[in-house]
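Asks: Residue numbers (this note's numbering), protein chains in the order written: chain A, 977 to 1424; chain B, 31 to 490.
Don't read these hints as lab results, they were simulated from the structure.
Incorrect hints may have been included.
Unchecked claim - The list that follows gives simulated cross-link-like pairs (lysine-lysine, BS3-like), each with its CA atoms no further than 30 Å apart:
no. : chain 1 : residue 1 : chain 2 : residue 2
1   : A       : Lys1023   : B       : Lys335
2   : A       : Lys1023   : B       : Lys340
3   : A       : Lys1330   : A       : Lys1258
4   : A       : Lys1043   : A       : Lys1023
5   : A       : Lys1258   : B       : Lys340
6   : A       : Lys1258   : B       : Lys335
Unchecked claim - Listed below are several chain B residues computed to face chain A (Cβ distance under 7 Å; list not exhaustive):
no. : residue
7   : Gly47
8   : Phe57
9   : Arg125
10  : Gly127
11  : Leu256
12  : Val258
13  : Arg337
14  : Glu338
15  : Asp399
16  : Leu407
17  : Thr411
18  : Ala441
C-beta atoms are modelled at their ideal positions from N, C-alpha and C, and glycine is treated no differently.
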Amino acid sequence: MAGLTIDFTDERLPNGLRLVIAEDHVAPVVAVNIWYAVGSKHEVPGKTGFAHLFEHVMFQGSAHVTKAEHIGLIQAVGGTMNGTTWLDRTNYFETVPSHQLELVLWLEADRMGTLLEALSQENLDNQREVVKNEKRWSYDNRPYGSWNQRLLAGVYPPEHPYHHPTIGSMEDLDAASLDDVSSFFRTHYAPNNAVLSIVGDVDPAQARAWVERYFGTIPANPALPVDIGDLSLPPILGAEVRETVVEAVPLPRIYWGFRAPVFGDHRLDALDLAGQILAGGKGSRLHRRLVRDERLAQDVSLFSLGLVGGASVTAGWATARPGVDLARLEEAYWEELQRLADEPPTEDELARAKALTEADELGSLQRVEERADRLSMYATLFDDPGVVNEMLPRYLSVTADQVQEACRAVFRADNRYVLTYLPAEVPAEVPPEVPAGDHAADAAAAIA
Amino acid sequence: MTSRDESVSSLERPQPGVPRPYTFPSFERSRLDNGLSVISVDLPARPLLAGVLIVLGGAGDDPESEAGATVLMARALSEGTDTYDAIEFVEATERLGASLHAEAGWDALSVSVDVPAERFPAALDLVAEVMARPTFPASDVERLRDERLNDLLQARADPRRRAEEAFIETIYASSSPYRHSAAGTRETVEGLGSDETRRALARRFDPASMTLIVGGELGGLDVHALAVERFGSWTAHAHAGPATTVDAAPSSMERRVRVIHRPDAVQTEIRVGHPGLPRRIPDFHAVSVMSAILGGLFNSRLNRKLREEKGYTYGASAGFDLRRSAGPFAARAAVNTDVTVPAIVDMIAELEAIRTEAPTADELSAARDYLVGVFPLRFETPGAVVGALSGLVMQGLPDDELARYRGEIEAVDADAVLAAARAHVRPDEAAVVLVGDADAFMPALEAANLGPISVERDEA
């Protein structure tokens, strides 16, 4: 299938705001996406989770927008929106019927320009509670919920900012103050730290005029970029790191973490294809062997998270079927990683992995929201939104030998973090108020 | 930094431009001699096609002792056919760059495929293959059955899945299959094997209850002819019958509280509700606007109260699961353990208020404008357009349902919203189901006097 080429313009306002516009008039919709080059890696000890808490505050109003009105206005015009925080960045995005584009630009400009005018202790306290409930919901009150914070801590050293997850700690969230919000905003939320992408049913000249009108007078922060030190890391851990957690999980599960080449390195593209060959669907090696043939696992997974600061992380897991010895599952999983490190994949396997990757890429890029996010991402991380058109050719150019080399460099015993979850022993007592029904029987079976 | 403030403040909030007209894409229908329907929708500039073969009737038709058979059958369809073993089959789809997915829900079985247009005919061969010639190897069906049993263990350990499971089991009568998941229970799944999956497919196999839907840039692709070549010779299985009407009776008309005790849980998962509505109802559009106001929008009454005012939760919502029969209506939130009882009280108060307090003009316009405005956004991709058409087919709705949608929503007024709430939201008949640390909230729960309370304890 012919590759899709995204045509775009790329320019900067005098205050440093980078503006990327891509026209597509297939549907009467337009996506707006802003990446701020600030993520949890900019947090300092004692302030973990702050970038994400701040993202919530961005929806609490600005000079001309009241609390929660931003979301209300977008939904009232039939739009969708959200904001997300990650290790390397924070993004905010809206997709709306195209005749509402000006409203979205005005809303984003109002909070980039005047957020602090609406800031209150009450709103900060409210969102602190919301975020703490997000942490309880996403991490603390969920089986295996601590895996990603443990994995980051295992793969990155304590002095590295990827060591801690974006959600942060309850103690640090409690300590966040209005002064922290103000100083974070003044430092990072400046036009010269942002990329604004507009994709879809848009008149570029009109959009440019609106962007200049609403964002043009917001002053740059001359102190940017913030120096967060040298994030470079040795390419491998150097020694195996192992951790075992005993808690209320129904089935044992093993997680793997490996240091991998940074996002943008061609070797990471090869690792993405390795992930497809090893765990991308029912035809993959791990699924065939562990789930289908040997029936050791309930599910398997392997993928890379591309990061720019020193090293990416390749992560995977497998959940043991009841009665399966976790050591045996670990050994079989490891053997499959080693097999791809020892010999290249067959041409047919690689071709299938590429066909699936191509379909995924084309499927994702059908949506204006995804295109806008990718343009902002590549502009922010690589200073080049045009990478959006290079990724698919890059994947398709990976050779079988490159897949093997990437696996050999990453899937090493001295580069692995291994986390196992084991079910806690639970006393078999049944409280008297439990009705004699199938619940108790099922629960007992879960432990056996 | 003060200049920041002046910069934007002089600029008025902009007014919207002129909307570009939008209509749901028009589609063409045809029918094969054996009764199989074909719907095609040409979407220019969408070279990745979406196709789905819908077979009416789903888990709702499983005999109760074989609950889960249809869902298991759908998972097992691609485990081998007369022509391919399972691995050959998956490799064949991957070579096309296609993803083929079979699944079953309460109302239908579907086999869907996303693939570039030029490879669509080859992908449709594979759809025909799994539907007409699956072998259901015993050992693979057994593996999939065991995976489902293990998934049930996982569901029991996960507070939100445990809450959903306990909620539906609480609100429906023992005669209703809706009291368990479409994928069945431990007791029923344990008894499933290849015979049950084969029977589940036979029950459904009638070309007259099948529809092929294809969307994307068709570029001259003759979908009807492709369907004739692949499906034209199919005939109904001797055991095929019409889809049955699912019993959706409530277990009780009284408010009651069921607590699943989890010592030391840091949050309580709350569900409040009762059996809701089927999809085919005269006041569907009023119900849609009403649920958006109650618990659909970010600024819905529930989310505004529990999240933005109180900070009790990361999100509170409410809605109807509309099926051929009455799926559940539930208000949902996961709240900090300390505030469990105040949160329940607030949720019930909002369920009362939606029945007594007419929506404000702002609430009404926000909900209507959202539903009308978001409509084109929902149909950006062929998969979404085909999905919407699948919904029409599965629910037996008229062809102009989607074209009429925006006008119908715009016509919903405050009286209609209030009437829909009074008719369909019944907090006095609701079950309150909690998964959390009962030790932390039992005294307050008893004092709140919400109805009879039962408490049980899970061991994991």
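Asks: For a C-alpha distance cap of 30 Å, please report whether A:Lys1043 and A:Lys1023 respect it.
Replies: With Cα atoms ~24 Å apart, A:Lys1043 and A:Lys1023 stay inside 30 Å; holds.
Asks: Holds or violated: is the Cβ of B:Ala441 closer than 7 Å to a Cβ in chain A?
Replies: violated (17 Å)
Asks: Regarding the pair A:Lys1330 and A:Lys1258, is the alpha-carbon distance no greater than 30 Å?
Replies: At roughly 15 Å apart (the allowed maximum being 30 Å), A:Lys1258 and A:Lys1330 satisfy the hint.
Asks: Any CB of chain A closer than 7 Å to the CB of B:Leu407?
Replies: holds (5 Å)
Asks: Please verify that hint: B:Asp399, Cβ, nearest Cβ of chain A, below 7 Å or not.
Replies: holds (5 Å)
Asks: Would you check whether B:Phe57 satisfies its interface hint, that is, whether its CB is within less than 7 Å of any CB in chain A?
Replies: Given a least distance of 16 Å, the restraint on B:Phe57 is violated.
Asks: Taking 7 Å as the limit, does the beta-carbon of B:Gly127 come near enough to a beta-carbon in chain A?
Replies: Hint holds; B:Gly127 Cβ to chain A Cβ min 4 Å, cut 7 Å.
Asks: Identify whether the interface hint at B:Thr411 stands, where standing means a beta carbon of chain A within less than 7 Å of its own.
Replies: holds (5 Å)
Asks: Does the CB of B:Leu256 sit less than 7 Å away from some CB of chain A?
Replies: violated (19 Å)
Asks: Have a go at the B:Arg337 hint: is there a Cβ in chain A nearer than 7 Å to its own Cβ?
Replies: holds (6 Å)
Asks: Taking 30 Å as the top limit, are the C-alpha atoms of A:Lys1023 and B:Lys340 close enough?
Replies: holds (24 Å)
Asks: Holds or violated: is the Cβ of B:Val258 closer than 7 Å to a Cβ in chain A?
Replies: Violated - the Cβ of B:Val258 stays beyond 7 Å from chain A, reaching only about 26 Å at its closest.
When the structure is compared with the earlier hints, violations turn up for hints 5, 6, 8, 11, 12, 18 and for no others.
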